[in-house]
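Asker: Take a look at the letters that make up each chain.
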Amino acid sequence: MTKSLHILTGITIISVLFGLYLAFGYARTDLEQGDIQRIFYIHMPSFFGAFTAFTGTVIGGVMYLRTRHVKWDSLAVAGVEVGLMLALLNLATGAIWARPIWNTWWTWDPRLTSAAVMALTYLAYLMLRNGIENADKRRLFASVYGIVAITTVILTLMIIRIVPDTIHPAVIGPSPQNAEGVFEATPRVAAALLPNLLIWSTLVPITLMWWRIRLENKSEHVQKLRMELINS
Amino acid sequence: MSHSLIEIIDLVKTFGFLPVLKKLNLTVERGEFIALMGPNGSGKSTLLRQIAGLSRPTSGIIRVGGWTLPDEAAAVRAQIGMVSHKPLLYGNLTAQENLLFFAKLYHLKNADERVENLLDRVGLKKRAYDLTRTFSRGMLQRLSIARALLHDPDVLLFDEPYTGLDQSASETLDHLLHEAHDGNRTIIMTTHHLTHAAGLASRGIILSRGVIGYDEKLSPDTNLPKIYTEVTNMVTAR
Amino acid sequence: MNTPFIQVVFSILRKDLRTELRSRELVSSMALFTFLSILVFSFALELDREAKQEAVSGVLWVTLVFASILGLNRSLASEREEGNMDAMLIAPVNRIAIYMGKMLGNFIFTVIVGVVLLPVMTVLFNFSMVRPTMILILILGILGLSSIGTLLATMTVQTRSRETLLPIAMLPVVLPVILTVVRATNAILNNQDMMQTLLTIGLVDVLYITLGSFLFEYVTED
Chain A
2 MTKSLHILTG ITIISVLFGL YLAFGYARTD LEQGDIQRIF YIHMPSFFGA
52 FTAFTGTVIG GVMYLRTRHV KWDSLAVAGV EVGLMLALLN LATGAIWARP
102 IWNTWWTWDP RLTSAAVMAL TYLAYLMLRN GIENADKRRL FASVYGIVAI
152 TTVILTLMII RIVPDTIHPA VIGPSPQNAE GVFEATPRVA AALLPNLLIW
202 STLVPITLMW WRIRLENKSE HVQKLRMELI NS
Chain B
-18 MSHSLIEIID LVKTFGFLPV LKKLNLTVER GEFIALMGPN GSGKSTLLRQ
32 IAGLSRPTSG IIRVGGWTLP DEAAAVRAQI GMVSHKPLLY GNLTAQENLL
82 FFAKLYHLKN ADERVENLLD RVGLKKRAYD LTRTFSRGML QRLSIARALL
132 HDPDVLLFDE PYTGLDQSAS ETLDHLLHEA HDGNRTIIMT THHLTHAAGL
182 ASRGIILSRG VIGYDEKLSP DTNLPKIYTE VTNMVTAR
Chain C
36 MNTPFIQVVF SILRKDLRTE LRSRELVSSM ALFTFLSILV FSFALELDRE
86 AKQEAVSGVL WVTLVFASIL GLNRSLASER EEGNMDAMLI APVNRIAIYM
136 GKMLGNFIFT VIVGVVLLPV MTVLFNFSMV RPTMILILIL GILGLSSIGT
186 LLATMTVQTR SRETLLPIAM LPVVLPVILT VVRATNAILN NQDMMQTLLT
236 IGLVDVLYIT LGSFLFEYVT ED
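Residue numbers (my numbering), protein chains in the order written: chain A, 2 to 233; chain B, -18 to 219; chain C, 36 to 257.
Derived from the structure by calculation, the hints contain no laboratory data. Possibly wrong hints are sitting among the right ones.
[What the hints assert, rightly or not] Here are the simulated BS3-like pairs of lysine-lysine, each with C-alpha atoms no more than 30 Å apart in a straight line:
#1 A:K225 - B:K3
#2 B:K3 - A:K72
#3 A:K138 - B:K106
#4 A:K219 - B:K3
#5 A:K225 - B:K67
#6 A:K72 - B:K4
#7 B:K207 - A:K138
Everything numeric in this text was worked out from a predicted model, so none of it was measured.
Pulled out of the complex, with its shape left as it was, chain A reads as follows (with noise of 0.2 Å):
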């Protein structure tokens, strides 16, 4: 397993590397807004890689209340920890971006607060954890909370249909009206867009959950051990 591991990471790390070079080489710099246009394949790709991975706490914790098998616990928590991560460099490039085209680096729009609030319900996640002894009842409502939580990434998908007052702009499908830099999604763009998307929302949730998930059983393990060393 940990051969495969390191393997995997190695792939991650390289298709990685082949990603920044498709956004910072490869692709074609921006007509109208520039080369910070180059921070939207890392922007989006991330998001849906948070999605994936609070995917992956959803049914961790679905699998976790049937079965009650630790080891889908351990992928509850490692797709909120890697999710949250992605979910916040969703958001810093998104201000990243958003301080030369919005001329701010934040605004009250539909879409970016609500990827806040759903970065927020996973620190909640995080705190309710945190607030139960009892190592049964916590992976109990965690899986709960982390199959209710999920409400909020549909919501941040969904807001701009909900919402349409947006200034934000969609990639797929027509942009608002009022979407303030968008730009045209000509071939060279897809071309360098999806390997990123793919990259992002697979290998690199995956690959961070797994070392997550990994160190969680060594955690485990090692408290199994300490208690095996009170109880004998």
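Starting from the known structure of chain A, arrange chains B and C on it as the hints suggest.
Answerer: Okay, now just chains B and C, sitting in the frame of chain A:
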């Protein structure tokens, strides 16, 4: 087919990695009065909660009256009454309303009549229309017993019922326990009062660190305090 | 073998209503809180004459969310403290029925507070808020709050931080409800069509009630 009322086979319950019950085996026959003893944290309350179906076993089998937990939990619950050291009653309801509420949850027919009867039996008929938050500890405990007896369960579980009761309230409780036990009802009671348990119960079980260290028939002259010290020290030393 | 579902739901509901009628603790503190909150908000945001409708409906709903949190914490903490939750769980009743009973109680209390608030806001802000459609929105919106709130509160009252955790856990999750009901409220105040929004709220309600029903079993487990 076995005919024991309660069968517990290889019951394990862990809280995280902390084992509370370790492969516990126990059979209880109809009509037994069991005193369940042991130091704090030995798993007494956990065992009661397991039998009541309030807590899910990590592994192992619990059967009550032939029904298995947790798949046939509803059937098991219908046979069990529980009294804990918390009253499990609503302070802003009267004694009668409390009992009627629980009677509804147990889908009892002729609820009014049963409630009235039970209030009389536990000596609270005169206080039937008073809010239970005005009740003393002993009265609450009596009402609790009435609540547990509502659906005439085969098994009564008592979790340290004597906690916080004064002398006269304890005596009333003794009397009520005797009465409740009457017939072929089974009682399992956790307690710390060893000599008291020897006089009351028909069988004594001492739990220590999640295993049964002692399980014998009791008579009023069984020297439980001595046995208790031996058993708990022995298990601890091991 | 289980006690009939409806009977359990209504027994629990009637028990909560009776307790509340007797003490009037919950609804009165919720109502007082909402009045204070509205007043303080209007004062701080200077929502006086040129009050913006968007701001007013936002204030109304955020206040109702907190009132609901107040009620949920109280209602489920009391079930925990006296061990009454155990007494219900030990009875041969379906867990979903317990969930529905507790949920409906909180729902009714919060709707009462909301309905009382409408004339008050009408007077304070000079929008005519007492309308049948407004009550419909209150019912649908508060159903969303109570359904997911009951699930989360049952969980949070069992944690170390107890009451403080519920707002943190609940606010982000009810955001879809808040966003849609505020839009619907604005639409009503501007006499616009709001069927679409109403449908969205209804869908969110169904989703939350389903989640709450299926997951409640696990948050009452030991």
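Asker: Look at each hint and say if it fits the structure.
Answerer: Consistency of the hints with the structure:
A threshold of 30 Å between alpha carbons decides the hint, and for K225 of chain A with K3 of chain B the separation of about 16 Å falls inside it, so the pair holds. At roughly 23 Å between alpha-carbon atoms, K3 of chain B and K72 of chain A fall within 30 Å of each other, so this suggested pair holds. Distance check on the hinted pair: K138 of chain A and K106 of chain B sit about 41 Å apart at the alpha-carbon level, beyond 30 Å; violated. The suggested pairing of K219 of chain A with K3 of chain B holds, with an alpha-carbon distance near 24 Å, which does not exceed 30 Å.
At roughly 33 Å between alpha-carbon atoms, K225 of chain A and K67 of chain B are farther apart than 30 Å, so this suggested pair is violated. With a C-alpha separation of about 23 Å, the suggested pair K72 of chain A and K4 of chain B falls inside the 30 Å cut-off, and the hint holds. Between K207 of chain B and K138 of chain A the CA atoms are separated by roughly 38 Å; this puts the pair beyond 30 Å, and the hint is violated.
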